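Novice: Residue strings, one per chain:
Number of protein chains: 2
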Amino acid sequence: MRELLRVPAGGRIDLGGYDTRAVRGGPDGLDAPGNKAAGLAATARMGERLAGLQERLWASSTAGDRRRVLLVLQGMDTSGKGGTVKHVIGLLNPAGCRIHAFKAPTKKERAHEFLWRVRRNLPLPGELGIFDRSHYEDVLVARVRELAPREEIEDRYGAINTFERSLTDDGVTVVKCFLHLSYDEQRDRLLKRLDNPDKHWKFSPGDIEDRALWPAYQEAYEIALARCSTGAAPWHVIPADRKWYRNWAVSRLLLETLEELDPQYPEGDFDVERARERLVKG
Amino acid sequence: MRELLRVPAGGRIDLGGYDTRAVRGGPDGLDAPGNKAAGLAATARMGERLAGLQERLWASSTAGDRRRVLLVLQGMDTSGKGGTVKHVIGLLNPAGCRIHAFKAPTKKERAHEFLWRVRRNLPLPGELGIFDRSHYEDVLVARVRELAPREEIEDRYGAINTFERSLTDDGVTVVKCFLHLSYDEQRDRLLKRLDNPDKHWKFSPGDIEDRALWPAYQEAYEIALARCSTGAAPWHVIPADRKWYRNWAVSRLLLETLEELDPQYPEGDFDVERARERLVKG
Numbered sequence: 001m002r003e004l005l006r007v008p009a010g011g012r013i014d015l016g017g018y019d020t021r022a023v024r025g026g027p028d029g030l031d032a033p034g035n036k037a038a039g040l041a042a043t044a045r046m047g048e049r050l051a052g053l054q055e056r057l058w059a060s061s062t063a064g065d066r067r068r069v070l071l072v073l074q075g076m077d078t079s080g081k082g083g084t085v086k087h088v089i090g091l092l093n094p095a096g097c098r099i100h101a102f103k104a105p106t107k108k109e110r111a112h113e114f115l116w117r118v119r120r121n122l123p124l125p126g127e128l129g130i131f132d133r134s135h136y137e138d139v140l141v142a143r144v145r146e147l148a149p150r151e152e153i154e155d156r157y158g159a160i161n162t163f164e165r166s167l168t169d170d171g172v173t174v175v176k177c178f179l180h181l182s183y184d185e186q187r188d189r190l191l192k193r194l195d196n197p198d199k200h201w202k203f204s205p206g207d208i209e210d211r212a213l214w215p216a217y218q219e220a221y222e223i224a225l226a227r228c229s230t231g232a233a234p235w236h237v238i239p240a241d242r243k244w245y246r247n248w249a250v251s252r253l254l255l256e257t258l259e260e261l262d263p264q265y266p267e268g269d270f271d272v273e274r275a276r277e278r279l280v281k282g
Numbered sequence: 001m002r003e004l005l006r007v008p009a010g011g012r013i014d015l016g017g018y019d020t021r022a023v024r025g026g027p028d029g030l031d032a033p034g035n036k037a038a039g040l041a042a043t044a045r046m047g048e049r050l051a052g053l054q055e056r057l058w059a060s061s062t063a064g065d066r067r068r069v070l071l072v073l074q075g076m077d078t079s080g081k082g083g084t085v086k087h088v089i090g091l092l093n094p095a096g097c098r099i100h101a102f103k104a105p106t107k108k109e110r111a112h113e114f115l116w117r118v119r120r121n122l123p124l125p126g127e128l129g130i131f132d133r134s135h136y137e138d139v140l141v142a143r144v145r146e147l148a149p150r151e152e153i154e155d156r157y158g159a160i161n162t163f164e165r166s167l168t169d170d171g172v173t174v175v176k177c178f179l180h181l182s183y184d185e186q187r188d189r190l191l192k193r194l195d196n197p198d199k200h201w202k203f204s205p206g207d208i209e210d211r212a213l214w215p216a217y218q219e220a221y222e223i224a225l226a227r228c229s230t231g232a233a234p235w236h237v238i239p240a241d242r243k244w245y246r247n248w249a250v251s252r253l254l255l256e257t258l259e260e261l262d263p264q265y266p267e268g269d270f271d272v273e274r275a276r277e278r279l280v281k282g
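Chains W and G, in that order, give the protein sequences. Using full-length UniProt numbering, count along the first sequence one by one with no gaps and you end on 282. Using full-length UniProt numbering, count along the second sequence one by one with no gaps and you end on 282.
You may find that some hints are simply not true.
[Stated by the list, open to error] Just some of the chain W residues that point at chain G, by a computed CB distance under 7 angstroms: (1) K86; (2) L194; (3) R276; (4) E277; (5) R278.
Note that these hints are calculated values from the structure, not bench results. Note that the structure is a prediction, hence the values are computed from the model and not measured. Cβ atoms here follow ideal geometry from the backbone N, Cα and C, with glycine treated the same way.
Based on the sequences and whatever the hints tell you, model everything.
Specialist: Written out as structure tokens, the structure is:
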């Protein structure tokens, strides 16, 4: 599954060649849910296994294991970054999740180099970190909107790769997901927001301005995904026009990642029989 | 419900008079679930309402509403602070929850006054903050284990009340829950941990030493609950021997709190028809 969605390291990619409505499954294609009902059920079923692995990861950290996972979510407006957090991360124990939504940098953040605010929000050992947007904004919106000189932006791809490599060296498994939405599906989702007054707070006229820059954003994503899909921290393209599939696919990526880490409950370093005796007597 | 579990301001309290297995419901007693199956179902049903109110609270903050909620969980070892976070906070959108588990203070934390680390972990406007242990440890374990001079501890109750009052003045609704466990139930839970090697990481022989100080801890709780149950930030005693009831009661307290706040989706400050036109054309 991970292999299937992974962006090959060192190549070029053409997002136009990726189907935003695709339903891709395991290598044999057998275990991808074929429809919404099956997808919702399969995602719910993964919840228990995910939560169990998450508990093991946390437990293991109490005995000195420094491993942790960082899920990076990127995508155009309405691609479902927030929905993924709600529906996928909602399957887990919130106490072990460290979620950060990156907004436009504050004045204080702008006074530091672009990775400064990222370093301050990393998961601790045993935790699952989730970035809703990330340091990639500094090569996406920053590139499209020309928020920094082009040479500086060019330098950032290498800085990101070095940074992510330092994370993986420190025990962080980085799982990067681009939620790949179609131009038409975005229009439908934005129109839906307009139709529902309870969703107006999620809408800003700026969303339409970003939409007008769609080709430039797609190009910026293609460059970022190609240059920063590394062996240490690969990018994955998640077809995101179907919410149920998006949630299933991200859950599945997390599950495969945690199963590969295979964290174990640590053994106690105390005398169990002696403890039992003291409790029964007390 | 809140009234029923609330510790009266300014009085003395005798925890021995509170039944740890009680099943208390609303003022008319009608809506308390009578058994585990009903309790689990009722808690699950509250999930959707809780999540809806949480979304409104968050949405409202995007329009400048500074209100937020801080849930403080205290209780003896195995009383279920972590379980409450998992099962109650797990009903909510994790993106809007800011959870902090307070451990024994680090060297850095000890170099500051006792509320310093608390101030650094408060919920932001629109968020639900959850403290698994809290500044109350500084008048609980600190009192029982004599970690500070008695006069200093005596001063802390007033400092806590002043601090919490400043929080409520700033839009924070503080909901404090003491998970009230019986001595016998704690023994059973600790023995269960010993029986399951996958739970040994949760056990430390120090738990038995704390258990030997049970009466001193109960007294420290009685003093803290009596002195710090204020009109601004009352304490609630949650019967905690039954996990399903504990989860139901805390969910119910949160639900009543959020319903009273009654946050509203903000209106959009843009021209909806104009936005629709631009989208349909684009």
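Novice: Each hint needs a verdict: does it hold in this structure or not?
Specialist: Structure-based check of all given hints:
For K86 of chain W, the shortest C-beta to C-beta distance to chain G is roughly 5 angstroms, which falls under 7 angstroms, so the interface hint holds. Taking 7 angstroms as the C-beta cut-off, the interface hint given for L194 of chain W holds, the closest approach to chain G being about 5 angstroms. This hint holds: R276 of chain W has a C-beta 5 angstroms from the nearest C-beta of chain G, less than the 7 angstroms allowed. Checking E277 of chain W against chain G: minimum C-beta separation of about 10 angstroms lies over 7 angstroms; hint violated.
At about 5 angstroms, the closest approach between the beta carbon of R278 of chain W and any beta carbon in chain G falls short of 7 angstroms, and the interface hint on this residue holds.
Of the numbered hints stated above, the single one contradicted by the structure is hint 4.
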